[in-house]
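> Line by line, the protein sequences give chains B and G. Quick note on the working numbering: the first sequence kicks off at 398 and runs consecutively. Quick note on the working numbering: the second sequence kicks off at 398 and runs consecutively.
In case anyone wonders, no lab produced these hints; they're calculated from the structure. C-beta: ideal position from N, C-alpha, C; glycine also. Take these hints with a grain of salt, some might be off.
Said to hold, decoys possible - Below, in silico cross-link-like pairs of lysine-lysine (DSS-like), each with a Cα-Cα straight-line distance of 27 Å or less: (1) Lys551/G x Lys506/B; (2) Lys551/G x Lys573/B; (3) Lys551/G x Lys573/G; (4) Lys441/G x Lys430/G; (5) Lys502/B x Lys473/B; (6) Lys551/B x Lys408/G; (7) Lys502/G x Lys551/B; (8) Lys506/B x Lys506/G; (9) Lys506/B x Lys473/G; (10) Lys430/B x Lys430/G.
Said to hold, decoys possible - Distance ranges between label pairs, derived from CB positions: (11) Glu656/G x Asp593/B: 58 to 66 Å; (12) Glu620/B x Lys430/G: 43 to 51 Å; (13) Glu432/G x Arg411/B: 48 to 56 Å; (14) Leu422/G x Glu538/B: 18 to 26 Å; (15) Leu429/G x Phe554/B: 46 to 54 Å.
2 protein chains.
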Amino acid sequence: MTRQQLIELIKERRSFLCVGLDTDLNKIPDHLKCEPDAAFLFNKAIIDATIDYAVAYKPNLAFYESMGIDGLRQLKLTMDYLHSLNKPAFTIADAKRGDIGNTSKQYAKAFLDPEGDFDFDAMTIAPYMGEDSVTPFTSYEGKWVILLALTSNKGAFDFQYRETDGERLFESVLRKSQAWGNTDNMMYVVGATKADQLAQVRTIAPRSFLLVPGIGAQGGSLEDVCRYGLIDDCGLLVNSSRGIIYASSGEDFALRAGEEAQKLQQQMAAFMGV
Amino acid sequence: MTRQQLIELIKERRSFLCVGLDTDLNKIPDHLKCEPDAAFLFNKAIIDATIDYAVAYKPNLAFYESMGIDGLRQLKLTMDYLHSLNKPAFTIADAKRGDIGNTSKQYAKAFLDPEGDFDFDAMTIAPYMGEDSVTPFTSYEGKWVILLALTSNKGAFDFQYRETDGERLFESVLRKSQAWGNTDNMMYVVGATKADQLAQVRTIAPRSFLLVPGIGAQGGSLEDVCRYGLIDDCGLLVNSSRGIIYASSGEDFALRAGEEAQKLQQQMAAFMGV
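The task is simple: from the sequences and hints, build the whole structure.
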């Protein structure tokens, strides 16, 4: 999906919501747990209930890999289902990969290749190994790298704020990496729990799309994110995972997920002034 | 595998060689390409030919993920085969994962859990997200985190050498992370192409095992690695991937892989003085 298509989708749905499909078999409703393909059935119900309010879906690979090979198969079913809908959505492999160039190319093939099992629009990448670990992910037309800049966890403070010549590590990641791609194929992860840092992020990356996790369960505020992060063509994808998909652990889980997604969509529409 | 078991294995085989199973269907011999389970058959032949000279095997996940779900199935066949042998080997998932604590726990389950599909002894982890992204991998008894410190690629120079208060980023990773685990459950990746940096690594992490990639195809020298990195109970695993597994692209590939592994084993034995 191109930047222009993504912006049009955001305008059409009046939403920049990304739903995190962190599907954990221990947390899904009891009545689904014993079904074959339980993770896929759960995802399908969540997607059906939220797609009018969301523009993006972000399965975190860890949750599928922890179910072994069968988990990956259920991820494929989920992606096949998303691709089959007549309502488009931007799909993100939250994979946090990154390796030497030769190897990153294989990861890109695994998740972004239209001929592959998954055909995601984007994947998250860790920046520690530098340029040649990132650029292989920019080589697929209409596909995106989403580079970790400032994450939403406590451990973000261990290295991401280390300052060298007046520039913190996450700022260096933002600045340097802009030469490795462009605003049509590179986004950044900036945690909502650090919303006040978004103003600084916007001075370095004024036009880049930002993927913002940490709303809800992790404590980030949508209002702050919008105040510091919104640009004229939106430039934001705000993710909520647990707050939506585990809104209820009962048989009404999908209904309640839809309600939570709709609430966020309405707030987003108000912040966008549409 | 515990530290003590690993050290005993190294002494017994007079080797600290790790064979990187970066199995690429485009590079394996033609006569295997059309076989079902070609990647597994290739790996099995490589393992059989090298296990007397190597103590560890390191499949890079990217190469299996790029084959889709079927690639993961062939990785499982490879791990099942390694576990079935009466000759032990230390197994490393070269995965370079790392995510918020909650999610890293899922990755740990995916690759380290003895009940899971793979049951690796160790996995490589990227440090960018800090402590809570790393500690979930230290919670399995006898299993290891191998944290990226200084990698062997060109992009290593983008961020890993950034200096803050006289300490470079990779040094900060080495120093801080020692409080997140211990020398029985945490190793570090230090690229052989930066062998002169190993002396500095040893001042910060004198007792830690180091996994050293970049010998051979990437230009690193085994002699330099041993000069700066060897400690009295070895403390090194030196990886070679392409130099061994693609030593020949003909029907003699396994024989040639065995010869290359034996050459390295003999050099290693000499450097260890055994």
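> Under the constraints set out in the numbered hints, which ones does this structure not fulfil?
6, 10, 12
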